[in-house]
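Protein chains in written order, with numbering that gives the first Met the number 0: chain A, 0 to 207; chain B, 0 to 221.
In short, the hints are calculated from the structure, not lab data.
You may find that some hints are simply not true.
Chain A regions said to be covered by chain B (calculated; three or more residues, Cβ under 8 Å) [unchecked claim]:
#1 45 to 51
#2 78 to 91
#3 127 to 133
Glycine is no exception: its CB is placed at the ideal position from the N, C-alpha and C atoms.
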Amino acid sequence: MLEVKNLYCERDERVLFNGLNFTISAGEVLQIEGQNGSGKTTLLRILCGLSASFEGDIFWRGQLVEDVREDFYHDMLYVGHLAGVKAALTPEENLQWMMRLSPNLNKLSIYQALEKVGLYGFEDVPCHTLSAGQQRRVGLARLYLSSAPLWILDEPFTALDKKGVAEKESLIAQHVHNGGAVILTTHHDLTIPDKTVRTINLDAGGTQ
Amino acid sequence: MSFFFAAIKRDLLLAFRHRNDIVNPLAFFLMVAVLFPLGVSPEAKFLAQVAPGVIWVAALLASLLSVDGIFRTDFDDGSLEQMLVSPQPLVLLVLAKIISHWLISGFCLALMSPLLAMMLFLPQQGLFALVISLLLGTPTLSLIGAIGAGLTVGLRKGGILISLLVLPLYIPVLIFGAGTVQAGTMGMPIGGYLALLGAVLVVSMMLAPFAIVAALKISVRG
Numbered sequence: 000m001l002e003v004k005n006l007y008c009e010r011d012e013r014v015l016f017n018g019l020n021f022t023i024s025a026g027e028v029l030q031i032e033g034q035n036g037s038g039k040t041t042l043l044r045i046l047c048g049l050s051a052s053f054e055g056d057i058f059w060r061g062q063l064v065e066d067v068r069e070d071f072y073h074d075m076l077y078v079g080h081l082a083g084v085k086a087a088l089t090p091e092e093n094l095q096w097m098m099r100l101s102p103n104l105n106k107l108s109i110y111q112a113l114e115k116v117g118l119y120g121f122e123d124v125p126c127h128t129l130s131a132g133q134q135r136r137v138g139l140a141r142l143y144l145s146s147a148p149l150w151i152l153d154e155p156f157t158a159l160d161k162k163g164v165a166e167k168e169s170l171i172a173q174h175v176h177n178g179g180a181v182i183l184t185t186h187h188d189l190t191i192p193d194k195t196v197r198t199i200n201l202d203a204g205g206t207q
Numbered sequence: 000m001s002f003f004f005a006a007i008k009r010d011l012l013l014a015f016r017h018r019n020d021i022v023n024p025l026a027f028f029l030m031v032a033v034l035f036p037l038g039v040s041p042e043a044k045f046l047a048q049v050a051p052g053v054i055w056v057a058a059l060l061a062s063l064l065s066v067d068g069i070f071r072t073d074f075d076d077g078s079l080e081q082m083l084v085s086p087q088p089l090v091l092l093v094l095a096k097i098i099s100h101w102l103i104s105g106f107c108l109a110l111m112s113p114l115l116a117m118m119l120f121l122p123q124q125g126l127f128a129l130v131i132s133l134l135l136g137t138p139t140l141s142l143i144g145a146i147g148a149g150l151t152v153g154l155r156k157g158g159i160l161i162s163l164l165v166l167p168l169y170i171p172v173l174i175f176g177a178g179t180v181q182a183g184t185m186g187m188p189i190g191g192y193l194a195l196l197g198a199v200l201v202v203s204m205m206l207a208p209f210a211i212v213a214a215l216k217i218s219v220r221g
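Model the full structure from these sequences, guided by the hints.
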């Protein structure tokens, strides 16, 4: 699905990665590893087109990603560090807006998704009254809604409790079993049954 | 199209939840009109003479005051990132944000302006010119201001920079806007001024959304 060729990125005169090559196909999980500040988030932002400070080529289904931007965004789900959840809106309003913004969030209804993330009964309270973990769950409800083949997740397990982490893990497993692909960063040891999680380590300059 | 209206609805809803965003520019607008006579001269004849300029300058600054926040919260909580990675056309989204910004700033300022006109002894016959010039001129202020807001949204302290970037571009609108009201109070035809304000609005409506999208991309992508 996604192919990265000869990616080079430097920040503050420090080379984060050089000559980074990898591909991810349907049914694969790719975990980006590295110390804090090793460029994990930067790499994911580059893949999503949210950072332009890089050299190299990124291909989406064989075509340069710049040329097929709209198709790419149609088939991709990005959950970043910031959840993209408006504190003044209720979880329901937040998800309504997210579904407008990304038509590929269409698998379940809002109520089903909120029930899945354990926010049933909280759908009409403003998000600023929710805890950090609950706000994170509002953003992660997108995973239940999304029918996009490629998921790019930046630290999806932060602020979640153990049960939440296990649920998200099984959701990722289900997604790759159905032919999806996931690129994620996490410090958590990810286990996906029947699948090997490929890793890229940025500390060693992007060895696989 | 339903996306466009959903975007307007979302921003208006957010504005109603943060009432300060609506009240602050209006309070500022009112305060200028209250303090100006106290600071300069309460004489009716003098105030009537300067009212067009004072009201227009106050409206311009009130609009500038609120334009800084147009993308700020979306940038801070990650909503802007989600907008950039969405397959929906960004130009449409930006236009929707500007329209909702105008509805809560410029439109309300125009509605409130007759009150200020009364306080500053603006002759009755200039009232129509005042309201119509603000209705035609303030959307341009929102459009131009949003370019500055887009460029400075990634900076921690963009407030001063945005004024420096945007104020020079506001000047033509101020000149034609205040000119409309001057002409109106003297009973002269205002059609020419309104045509100019309309032309500026049309041009900025065509070009500014693209500039804003480019500015936002620069701010986020670095």
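Comparing the hints with the structure gives:
1. 45 to 51: Contact hint for the region 45 to 51 of chain A vs chain B: holds, 5 residues under 8 Å.
2. 78 to 91: holds (count 10)
3. 127 to 133: Three-residue rule not met by the region 127 to 133 of chain A, so violated; n is 0.
When held up to the earlier numbered hints, the structure conflicts with hint 3 and nothing else.
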